Amino acid sequence: MPVWQLFLETFKDPMVIVLVIAALVQLALGEVIESLIIFIVLIVNAIISVVQTKKAESSLDALREMSAPEAKVLRDGEKETIHARELVPGDIVLLDAGDYVPADGRLIESSSLKVDEGMLTGESETVQKSIEPIQEDAALGDRVNMVFSSSLVAYGRGTFVVTATAGDSEIGKIAGLLENAEAKQTPLQQKLESFSKKLGIAILALCILIFAVEAGRIFFGTSAETDTTQAILNAFMFAVAVAVAAIPEALSSIVTIVLSVGTNKMAKRHAIIRKLPAVETLGSTSVICTDKTGTLTQNKMTVVDYYLPSGTKESFPDDPKTWEEAERRLMNIAVLCNDSSIGEDGKELGDPTETALLAFSSASNQDPSALRKMYPRIAELPFDSDRKLMSTMHLFGGENVMLTKGGPDVMFSRAKFLYLNGEEAPLTAERLAELEETNENFSKEALRVLAYGYKRMPADKTTLSHDAEQDLVLVGLTAMIDPPRDAVYASIEEAKKSGYPHCYDYWRPQNDSRSDWT
Numbered sequence: 001m002p003v004w005q006l007f008l009e010t011f012k013d014p015m016v017i018v019l020v021i022a023a024l025v026q027l028a029l030g031e032v033i034e035s036l037i038i039f040i041v042l043i044v045n046a047i048i049s050v051v052q053t054k055k056a057e058s059s060l061d062a063l064r065e066m067s068a069p070e071a072k073v074l075r076d077g078e079k080e081t082i083h084a085r086e087l088v089p090g091d092i093v094l095l096d097a098g099d100y101v102p103a104d105g106r107l108i109e110s111s112s113l114k115v116d117e118g119m120l121t122g123e124s125e126t127v128q129k130s131i132e133p134i135q136e137d138a139a140l141g142d143r144v145n146m147v148f149s150s151s152l153v154a155y156g157r158g159t160f161v162v163t164a165t166a167g168d169s170e171i172g173k174i175a176g177l178l179e180n181a182e183a184k185q186t187p188l189q190q191k192l193e194s195f196s197k198k199l200g201i202a203i204l205a206l207c208i209l210i211f212a213v214e215a216g217r218i219f220f221g222t223s224a225e226t227d228t229t230q231a232i233l234n235a236f237m238f239a240v241a242v243a244v245a246a247i248p249e250a251l252s253s254i255v256t257i258v259l260s261v262g263t264n265k266m267a268k269r270h271a272i273i274r275k276l277p278a279v280e281t282l283g284s285t286s287v288i289c290t291d292k293t294g295t296l297t298q299n300k301m302t303v304v305d306y307y308l309p310s311g312t313k314e315s316f317p318d319d320p321k322t323w324e325e326a327e328r329r330l331m332n333i334a335v336l337c338n339d340s341s342i343g344e345d346g347k348e349l350g351d352p353t354e355t356a357l358l359a360f361s362s363a364s365n366q367d368p369s370a371l372r373k374m375y376p377r378i379a380e381l382p383f384d385s386d387r388k389l390m391s392t393m394h395l396f397g398g399e400n401v402m403l404t405k406g407g408p409d410v411m412f413s414r415a416k417f418l419y420l421n422g423e424e425a426p427l428t429a430e431r432l433a434e435l436e437e438t439n440e441n442f443s444k445e446a447l448r449v450l451a452y453g454y455k456r457m458p459a460d461k462t463t464l465s466h467d468a469e470q471d472l473v474l475v476g477l478t479a480m481i482d483p484p485r486d487a488v489y490a491s492i493e494e495a496k497k498s499g500y501p502h503c504y505d506y507w508r509p510q511n512d513s514r515s516d517w518t
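Each residue of the sequence shown is one higher than the one before, counting from 1 in full-length UniProt numbering.
Treat the hints with care, as some may be off.
Straight line, CA to CA, 25 Å or less: simulated PhoX-like cross-link-like pairs of lysine-lysine [as the list claims (entries may be wrong)]: (1) K184 - K300; (2) K313 - K444; (3) K12 - K198; (4) K265 - K497; (5) K54 - K373; (6) K79 - K197; (7) K54 - K268; (8) K173 - K265; (9) K54 - K265; (10) K12 - K55; (11) K347 - K292; (12) K416 - K268; (13) K321 - K300; (14) K72 - K347; (15) K461 - K416; (16) K444 - K292; (17) K265 - K496; (18) K300 - K497; (19) K12 - K197; (20) K265 - K300.
These aren't lab readings, by the way, just hints derived from the structure by calculation.
As the structure is a prediction and not an experimental result, all values here were calculated from the model.
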């Protein structure tokens, strides 16, 4: 918005309108000094408001420029990198792990592509993408052959044709709905408007009363004035003078200065306030609605427990040399049957669940990269939502071994043995019941659970098929959660102390096997 328009916006306030009228009346009555003072106060008030708004807009523009994504496109057969805002429908865009999707588009190539669409849907689970046709009326979350602006490529590669950009994209439509929402007055603005109206009515009534009394004295001969016309004029001027004196000229400026101070304090707490009245609105908040993923939580899955047939534990021993064999096998499967990676800059690339397993390995003083070099991958069966499994085959001491991880219910149904006390024991009904009870207990705590197993394969086997994922040897379970941010608990407690006595946590379990949750 231009500066001059912001300046004029400040004069739409009811209190400011009352002051402008008062200044004009005083000017008409020859009270130039008083009129000039009111106009100076109003101009200073407008300048403070405009300066504060422009500072906020400049900060937001700088943030937008810093976070503006770039896009790798193919134009005239050449690969080039451009700003996302330069994209147009029909452009061909290339995606790699770690890239932000710069626009909405239809996939034409996909190689194990997984996308985190949490910014759009609020779901922390990554979405497996494909190029297969879907139903025309599919819901947004089911459009697996589409990618959407502001989502993050968690794993794999892809190529898409741009279909919508900026305000025409799905995230742009959401932003548009917010921008087009009816602007409501803040509580402070409502109170000031009500006060201005009541003040205006009171002042008008006072003017009429004073003028009527003085006029009565003139017409009934009790006034000392001999010139009736001059007496009437003096009575009118006296009524106006009393009315102007009753107007709190400094109120508007005081409010603006106080809000400006609050805005500066918020800025020191890394919060940008675009409009001054929003500061007071925060103090009038009665209900706080917030998303969970990435707002209350870190949007970073973390392993908090693991289970072996010998019992549940929270962390591996610090020295890998002291691990029991079951722990070693569980960690091997978690790291090797895993498509995520850690870049040279330390950035985690891949599915949040899989990067959590690598972080768990590193925290246990095991080097995932060294383990992968020691046991190279021979074949793989990528994860898909129908099987709820992922399998890879590796060479262990001259023996081909298939490593599998997946949803506990599926793994339990495909397992025949259990690694217990250093042996591959039969998976009896009693032991299976114990596993299912452990899985249910983890799920009741809103933990995401994965099960791990393996199977020895023939020496001449170089490929994997879905039929191979049977008769597995179960090793154990891991339980993970998207942990809350460090300041969340303190913030909730502070909110309660500040007058929010009823704070409810709505936490949806991340494991479908849970039968009851609140």
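Hints, one by one, checked against the model:
A distance of roughly 36 Å separates the Cα atoms of K184 and K300; the hinted pair therefore is violated under the 25 Å criterion. Taking the CA atoms of K313 and K444, the gap is near 17 Å; set against the 25 Å cutoff, the hint holds. Between the alpha carbons of K12 and K198 the distance comes to roughly 17 Å, so the proposed pair stays at or under 25 Å and holds. Pair hint K265 plus K497 holds up; C-alpha atoms about 21 Å apart against a cutoff of 25 Å.
Pair hint K54 plus K373 does not hold up; C-alpha atoms about 55 Å apart against a cutoff of 25 Å. Between K79 and K197 the CA atoms are separated by roughly 64 Å; this puts the pair beyond 25 Å, and the hint is violated. Between the alpha carbons of K54 and K268 the distance comes to roughly 17 Å, so the proposed pair stays at or under 25 Å and holds. Taken as a hint, the K173 and K265 pair is broken in the structure, with Cα atoms around 33 Å apart against an allowance of 25 Å.
The suggested pairing of K54 with K265 holds, with an alpha-carbon distance near 17 Å, which does not exceed 25 Å. Taken as a hint, the K12 and K55 pair is honoured in the structure, with Cα atoms around 21 Å apart against an allowance of 25 Å. Annotation: proposed proximity of K347 to K292 holds, straight-line Cα distance about 23 Å (limit 25 Å). Using a Cα cut-off of 25 Å, the hinted pair K416 and K268 is violated, with the two alpha carbons roughly 60 Å apart.
A threshold of 25 Å between alpha carbons decides the hint, and for K321 with K300 the separation of about 28 Å lies outside it, so the pair is violated. Proximity of K72 to K347 is assessed by CA-CA distance (about 20 Å); at most 25 Å being required, the pair is judged to hold. Only pairs whose Cα atoms come within 25 Å are accepted, and K461 paired with K416 is accepted, the gap being roughly 21 Å. Between K444 and K292 the alpha-carbon distance is near 18 Å, which keeps this suggested pair within the 25 Å criterion.
Restraint check: the Cα-Cα separation between K265 and K496 comes to about 22 Å, which is no more than 25 Å; the hinted pair holds. Straight-line distance between C-alpha atoms of K300 and K497 comes to about 29 Å, which puts the hinted pair past the 25 Å bound. For the given pair, K12 sits about 14 Å from K197 by alpha-carbon distance, which is consistent with the 25 Å threshold. Annotation: proposed proximity of K265 to K300 is violated, straight-line Cα distance about 31 Å (limit 25 Å).
Consistency note: the structure conflicts with the earlier hints numbered 1, 5, 6, 8, 12, 13, 18, 20.
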